[in-house]
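Colleague: Could you slot chain W onto chain U? The hints should help.
Protein chains: 2
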Amino acid sequence: MRLADIVTCVILSGAPAIACADEGMWTFNNFPSSKVQQAYGFAPDQTWLDHVRLSSIRLARGCSASLVSPHGLVLTNHHCARACIEQLSTGEHNYAAGGFYAKAADDEIRCPDMEANQLIEISDVTARVKTATDGKDGQAFADALKATEADIAKACSGGDNAVRCDVVDLYHGGVYNLYKYRRFQDVRLVAAPEESIAFFGGDPDNFEFPRYDLDFSLVRIYDGGQPLDSSTNYFAFAGEDAKEGDLVFTSGNPGGTDRLDTISELEYQRDTELPNSLTYLAEVRGVLEEFSELGPEQARIAGDQLFGVANSYKALKGRFAALTDPAILRIKRNDEAVLRARVAADPALKASTGAAWDNIRAAVGHGALLRDRFIMLEGGRGFNSRLFARARQLVRYAAESAKPDGERLREYTEANFPITRQSLLSNAPIYPELEKTTLRLSLTLLQRALGPDDPLVKTMFANRSPGELAADLIDGTTLKDPAVCRRLLNGGQGAIDAANDPLIAFAKLVDADARGVRKDDENNVGAVIDKNSRLIAQARFAIYGTSADPDATFTARLSYGAVKGYDEKGHRVNPFTTLAGAYARATGVEPFALPQSWIDAKPKLNLAQKLNICTTNDIIGGNSGSPVINRNAEVVGLIFDGNIQSLGGDFWFDPTVNRAVAVSTNAIREALSKIYHADRIVTELAHK
Amino acid sequence: MRLADIVTCVILSGAPAIACADEGMWTFNNFPSSKVQQAYGFAPDQTWLDHVRLSSIRLARGCSASLVSPHGLVLTNHHCARACIEQLSTGEHNYAAGGFYAKAADDEIRCPDMEANQLIEISDVTARVKTATDGKDGQAFADALKATEADIAKACSGGDNAVRCDVVDLYHGGVYNLYKYRRFQDVRLVAAPEESIAFFGGDPDNFEFPRYDLDFSLVRIYDGGQPLDSSTNYFAFAGEDAKEGDLVFTSGNPGGTDRLDTISELEYQRDTELPNSLTYLAEVRGVLEEFSELGPEQARIAGDQLFGVANSYKALKGRFAALTDPAILRIKRNDEAVLRARVAADPALKASTGAAWDNIRAAVGHGALLRDRFIMLEGGRGFNSRLFARARQLVRYAAESAKPDGERLREYTEANFPITRQSLLSNAPIYPELEKTTLRLSLTLLQRALGPDDPLVKTMFANRSPGELAADLIDGTTLKDPAVCRRLLNGGQGAIDAANDPLIAFAKLVDADARGVRKDDENNVGAVIDKNSRLIAQARFAIYGTSADPDATFTARLSYGAVKGYDEKGHRVNPFTTLAGAYARATGVEPFALPQSWIDAKPKLNLAQKLNICTTNDIIGGNSGSPVINRNAEVVGLIFDGNIQSLGGDFWFDPTVNRAVAVSTNAIREALSKIYHADRIVTELAHK
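One line per chain: the protein sequences are U and W, in this order. In case it helps, our numbering puts the first sequence at residues 1 to 688. In case it helps, our numbering puts the second sequence at residues 1 to 688.
Simulated from the structure, these hints should not be mistaken for lab results. Treat each hint with caution, since some may be false.
It does not matter which identical chain is meant; a pair holds if it fits inside one copy or across any two.
No farther apart than 20 Å at their CA atoms in a straight line, the calculated lysine to aspartate or glutamate pairs in the EDC-like style are these [claimed, not checked]:
#, residue 1, residue 2
1, Lys564, Glu414
2, Lys314, Asp271
3, Lys436, Glu293
4, Lys458, Asp203
5, Lys332, Glu267
6, Lys569, Asp453
7, Lys314, Asp453
8, Lys317, Asp271
9, Lys314, Asp454
10, Lys130, Glu522
11, Lys332, Asp271
12, Lys569, Asp454
13, Lys317, Glu267
14, Lys569, Asp335
15, Lys569, Asp481
16, Lys458, Glu208
17, Lys674, Asp600
18, Lys136, Asp513
19, Lys458, Glu590
20, Lys480, Glu433
All of these numbers come straight from a predicted model, not from anything done at the bench.
Only chain U is shown next, with the shape it has when bound in the complex (with noise of 0.2 Å):
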């Protein structure tokens, strides 16, 4: 059914690359608004579109999130604000089980270490990109590309540590546009509601839909110490429920997603990268899993890696499942011969861009064979550790802040550095037990992919196993004390050089493998995928035009869609669920325990409140904690997931199945009232 309704999509828009129904992660710059007005009967026009880019707030370790009130209150969902709530919890003020709430201003507590962002200007730099990497191959492609970032970004934020300038790579480099931020690390909790109802049903419910959660949270950004004057542009709540049909946008940053893909690079996803990656969570999750079982304290502090790691097992696991369709790769495959054959008919093109697909299989393959040592040493699988992440940042730091901007590995620039300053001065606490028994799993792992007759694995061993070496690392490091790391960072490299810390001689010595594997990758897998995937996005632009959607970026998107249902196994899936349902399916016992205050409430709450709600429009990992807003740019909800038929989203995406998940505000309004009492907030979000 969904694949029959592809294909006649595919057909009658008679190009394969182009997006049907509410198909589309749009830029802000680019957003279809007569494509709207022609389906819903409304067009966005720039008032609007500025106001909700600048209402809209990126959580830039991988959520979205908009501002909700004059004073810089900031609406997210519970799971974007996970770490932090952890972070700020201990054995005995459990904040993630037993949810937070600042009843003053003053108990606004500030998470140790998150960054929000705030679109405030995109402007297009392609010719300029262009010019510095056209008729270059391999590292000097490589080189010449990360210098002109480097440059582009510098210059656009002048130093500023409360600007951040980003070069967005749009369509596989067809187009390359700057986002300039405001940078705000001073953000402080404000309010979540306990675990269990905001990850209700928890992993057998994760991405299915009806759904029952209060993935909410509430944080606050603070500008010189004060509340963020956000007077000008702020999401109202709207005052009712969205209706089934109606038109609803959301504005968020997804993550990523692979729909222009060729089919070299999908077929390496299916066969190699994805069941690599599942079976790594699957082995990660034994493990935590076993660990939490030690006892609650440790089912504490794994909470955070386990929730993710499941969350992460379940995607993938989608997306594995939607590659091996064979009627999804067949489509697929289809588009691509198309476009060849468009591309082998036309003599220009041909000689530009002709043998663009075999490159980029070759460079495919060429990746393959880096890939185990790569993922171990330079991707993070083989030193699971936070304290070792540290280390290497430090080592790092100081060997790349003494080089030219340009020439520095990317996350070292001036424009890129201050995120990575932030984790690793925070004061965010660090568990020993817990950081030993991912590093010797992460250990065991690489010494399994490299093989113990690698010499590089023989020198790291030094004849210990995984678990020996695990702890005299985390035993005897001291980079648990951020101001051990202060003084390190700011020390250069003679304070790393005279550094007597085991951790810190480990990631030095560790780190011309892992740099090495990395400058193969980036030379010869990333700068030929780069420099082709540009060709074939220039030739898609030549034959298909430029009105099509690029592939997410975790960058600012725009999308639009209707509250809508769908069919499932024979039976309609209604677009709402209402507080009575939760009720319905509490059984008293986890995951589908609700907490106390909901069953002390339940008589004060309306009961026939919608709770969730689904709609159409294209979303991907990264759009959580976006809002979702009707034409009067007014919040209705609030993204927190897709259904489990939206996984397959990664590589395309099926307008009769897909749906993105939402809590009604609405609910988190009645919530906030009468479950909570956060009478300070229920008024500050009344504000208009």
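Modeller: Here is chain W on its own, set in the frame of chain U:
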């Protein structure tokens, strides 16, 4: 290179299904002596074949072995006796770590649940099975097949527990043979080295070559309380090591291959079965690794499962790599297309067999829908616990033993039940802490796979978490006591109904659903695949003749080949390693720590003695423990592994790099003599 070779071979042979080079796991009644004569100048005659068959032993729970003395002494792998060794171990006497040697005959200890089989007769029953099933479909086909097999087996054994009869399905139903064995359940441990040398190199070196493992153990078959008189048929140890190029045979029981599978079955393995099994194994591995970290006793009791899981994981990973190699599947697709075209071109074959591939594809599709439920409720993954297995066996035996033999579930027929009875009444230790951990995990997986809304899940859990449910069941059951099991086994339905045991109650609770999904699978998946595979097999015989070998079925097979190295990553791999090599590879740290006995004995050893050998024999899992014999039927080696390139052997045989890996028997003799001072056994082995 290897793909080019196989393509050539396929093309030259003209018939895709015909084996080339030394490929083939040949049955004893269809051995291609003339091919061996042609390639190696030696043609095994019937006397030679009978002697080899009768000197070979099948270990019924999944390994191979051979008689190596006139007194029932049996040579197999350490890892084939590993369960026994662990079952006989305690916290104080850890025979897995420290090794075992029965100085006197009286010190030989009975393995709690080992069964040895000697194949004494093969007869053809194809006509009888075909007559019973031809013209039937679905349940009628499944029931008739089961009833006929039970009848044939029962008539063959005559109710004698010392005789085991199996109807063996060869060529996917093209041929049915009746295999009659002597069954021995009194098998005693004689000698086993320390695990650190039996499995030297551990998981990193598993499936690798060069290799340095002394993976052997010796057990003895007792008959009527006395060592078996095997004076007429056993293999003497060869005086000389095998040399490169020597013709060698392996006689063993390859567990299963899928070389004749249709494309839809292979795609199902690639897209569903293997990825799911790999993530399952990865998660179990994570849990068991973390459990092992709790202390040395936990590491000991989890050791056997962890070994099995890690081994399966690496094996399945290799299989997945083979199926995601596009070249291999291309060859398979071509083979199938050629055969289908030949069938379509013959009116009679077209009428009988033309639809067979599509019928199988549809059945595989139905199986995919059942898969999660089947594997959780009936396939063992939802209830990973030895105590649960006992409870289910008791519950089912009471019900099944009341039915006519031909109508019982297969494993409860008179012919098949003795091996289950052995483990049910075994005095092998059961560790409640480990049982709770594995059951907790598998109940978690079951709940995840079936979903919290499944009515059976709701009833099973009754608002308990997986951990609570596992604890209730394991803490509450009395099935740890073999005497209780014996009473319930002998008490029939009345005893089961009267039992006040939570695990018995739980096994009863899930039984209807488990039987239901099994019946659906048997009737609508298994029967359809069996029936249509048989049609394809018959078409293959009609078109290509009957000179190919059948897929492996854990039954006696003979393969021929030569001691031979191979090329890998541009260098030549020598087919031998030596004792000296083990010392050179040792680091002193697990898994590269040699046992103290080896360190002490080093000055006395002939370090040039060959330790491991690789050969071109076509083997697969289940062949572990197979003797490698020369043309004089003397044993020169002991199969314990294949190289990493052999893992694709499930689907095809690549003669250029697929190698079997064996321990040189002279290395075993050297170690028994100079390291373990096992003079009694050395003398027995010298007897000729």
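Colleague: Classify it for me, Lys436 with Glu293: is the Cα-Cα distance of at most 20 Å met within a copy, between copies, both or neither?
Modeller: both (16 Å within a copy, 11 Å between copies)
Colleague: Checking an output row: Lys569 and Asp481, CA cutoff 20 Å. Within, between, both or neither?
Modeller: neither (55 Å within a copy, 47 Å between copies)
Colleague: Using 20 Å as the alpha-carbon threshold, which applies to Lys564 and Glu414: within, between, both, or neither?
Modeller: neither (45 Å within a copy, 59 Å between copies)
Colleague: If the cut is 20 Å between Cα atoms, do Lys317 and Asp271 qualify within a copy, between copies, both or neither?
Modeller: Classified as both; 13 Å inside a copy, 11 Å across copies.
Colleague: From the Cα coordinates, with 20 Å as the cut-off, is the pair Lys332 and Glu267 best called within, between, both, or neither?
Modeller: both (11 Å within a copy, 19 Å between copies)
Colleague: From the Cα coordinates, with 20 Å as the cut-off, is the pair Lys314 and Asp453 best called within, between, both, or neither?
Modeller: between (35 Å within a copy, 18 Å between copies)
Colleague: My question is about Lys569 and Asp454: at a cut-off of 20 Å on alpha-carbon distance, are they close within one copy, between copies, both, or neither?
Modeller: Intra 51 Å, inter 15 Å, cutoff 20 Å: inter-copy only.
Colleague: Between Lys569 and Asp453, at a C-alpha cutoff of 20 Å, which is it: within one copy, between copies, both, or neither?
Modeller: between (52 Å within a copy, 15 Å between copies)
Colleague: When Cα atoms must be at most 20 Å apart, do Lys458 and Glu208 count as within-copy, between-copy, both, or neither?
Modeller: Between copies only: 18 Å across, 46 Å inside.
Colleague: Is it within, between, both or neither when you check Lys314 against Asp454 at 20 Å Cα-Cα?
Modeller: between (33 Å within a copy, 19 Å between copies)
Colleague: Check Lys332 against Asp271 for me: Cα-Cα at most 20 Å, and say if that holds within a copy, between copies, both or neither.
Modeller: Both: 16 Å inside a copy, 18 Å across copies.
Colleague: Since the copies are identical, ignore which copy is meant and state whether Lys136 and Asp513 lie within 20 Å (CA to CA) inside a copy, between copies, both or neither.
Modeller: Classified as neither: same-chain Cα gap 26 Å, cross-chain 64 Å, threshold 20 Å.
In summary, the structure is inconsistent with hints 1, 14, 15 and 18 from the numbered list given earlier, while agreeing with the others.
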